[in-house]
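Given these sequences and hints, build the entire structure.
Each chain is listed here by its residues.
Number of protein chains: 2
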Amino acid sequence: MNVQSVSSYAFFDDEPADTRAAIMQATYRALCEHGYAGLTIQRIGDEFPKSKSLLYHHYDGKDALLVEFLSFMLRRFEATIPDREYEDARDQLTAIFDHTLPRDPAPERAQFRAAMVELRAQATTNRAYRTHFTRNDRFFRERFAAVVRRGIEEGVFREVDPDRVAAMVVATIHGAMQEEATTNGAESAHVREELRAYVRSQLLAENVTPETIG
Amino acid sequence: MNVQSVSSYAFFDDEPADTRAAIMQATYRALCEHGYAGLTIQRIGDEFPKSKSLLYHHYDGKDALLVEFLSFMLRRFEATIPDREYEDARDQLTAIFDHTLPRDPAPERAQFRAAMVELRAQATTNRAYRTHFTRNDRFFRERFAAVVRRGIEEGVFREVDPDRVAAMVVATIHGAMQEEATTNGAESAHVREELRAYVRSQLLAENVTPETIG
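From first to last, the protein sequence lines stand for chains A and B.
Quick note on numbering: the working numbering labels position 34 of the first sequence as 34, and the sequence is numbered without any gaps.
Quick note on numbering: the working numbering labels position 162 of the second sequence as 162, and the sequence is numbered without any gaps.
Any given hint might turn out to be false.
[What the hints assert, rightly or not] To give an idea of the interface, some chain A residues facing chain B are shown, with a C-beta separation under 10 Å as derived from the structure: (1) 36; (2) 41; (3) 123; (4) 159; (5) 163; (6) 165; (7) 168; (8) 172.
[To be verified] Per the computed footprint, the stretches of chain A lying under chain B, defined by three or more beta-carbons under 8 Å from a beta-carbon of chain B, are: (9) 71 to 79; (10) 114 to 120; (11) 147 to 158.
Hint data in this document are derived by calculation from the structure and do not stem from the laboratory.
Each residue gets a CB set at the ideal place from its N, CA and C atoms; glycine is no exception.
What follows is the structure in structure tokens.
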């Protein structure tokens, strides 16, 4: 499970550009449907319009394919970071909280996130997964730190430590996602609201009116 | 992975009181050594001084045994909550942060936490694990909320929403633990320090000197 999972499913609305993208799309669909434990190359093949032998030929088992899938998703995310115009850094942070901890997550998104919890667990023993999630988490911490730095430059945030803030925010979002995927009583709405309260009390500069945060 | 894992290993220093406790101790040891994926009833039996057939007789596979193990740990934790005397509620929160996100976790503890990430991932598809982790997380949220309520009553904390604070703190600690178990570059020290900063800026009453928090 990771922050990346948030936007990833939107990647697969379009017709895949090439064979590799088609394999990644099939992997995504099979992962949502069967989860990690239920996933087989055969089942990925069921979602793949071309020859299944291509899959067997290219990948040495489902873990090799899944690690490439994770890497593919992260690279695509890196390349397509929305340069949406936010009013300011606090506006951007709030949008990220709403996006990562939505009020009513779509079922497909919940399924994908559950599968990501399973993939993440592989990283406790499998070095390739571990390398991926190390890179993944570093990327998201750096993204958050950049937003905080921007806020400091804008005068919206105080002179906080951007890396420290980013470490906490990413951990909080990951923890809330994990809880959603593994329990029935997750309190994501509470987490989202308290993250906003944290931004107001810990980040917001003295001269900025808290009410404008929404 | 859960807050409970923090103290659990200390449960097994003593000689087990009965056969069931001995089975739980053997399960704990085998889980630390082999992780979830590598665990078998046979390997638990290797840690068990009595007849292995007892294990096969009692438990219908490793998941049944592990779910009972999780439940055993949580109940023991519930029953043995340290009624240590803390100066006040903020002192208690700081102690919990230091305890759950320690500077140098012992190798056995890191192994156990990694196994807990694997067990937690089973809850995405297995109802018995899911029921356990639902109860587990609720328990820890309630524990944190009680500390926050105490702080409000003491006049140390402001009139914050204890349930909301608890939801965020538990998510943050779980996220940091997950990251430690699944990546090489976890930033737990940053998370711990930022949680302290959050307590100072968001919880601490106006008339309390932040410096005394340490």
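So, going through the hints one by one against the coordinates:
no.: 1; hint: 36; verdict: holds (8 Å)
no.: 2; hint: 41; verdict: violated (19 Å)
no.: 3; hint: 123; verdict: holds (4 Å)
no.: 4; hint: 159; verdict: violated (12 Å)
no.: 5; hint: 163; verdict: holds (6 Å)
no.: 6; hint: 165; verdict: holds (6 Å)
no.: 7; hint: 168; verdict: holds (4 Å)
no.: 8; hint: 172; verdict: holds (4 Å)
no.: 9; hint: 71 to 79; verdict: violated (count 0)
no.: 10; hint: 114 to 120; verdict: holds (count 5)
no.: 11; hint: 147 to 158; verdict: violated (count 0)
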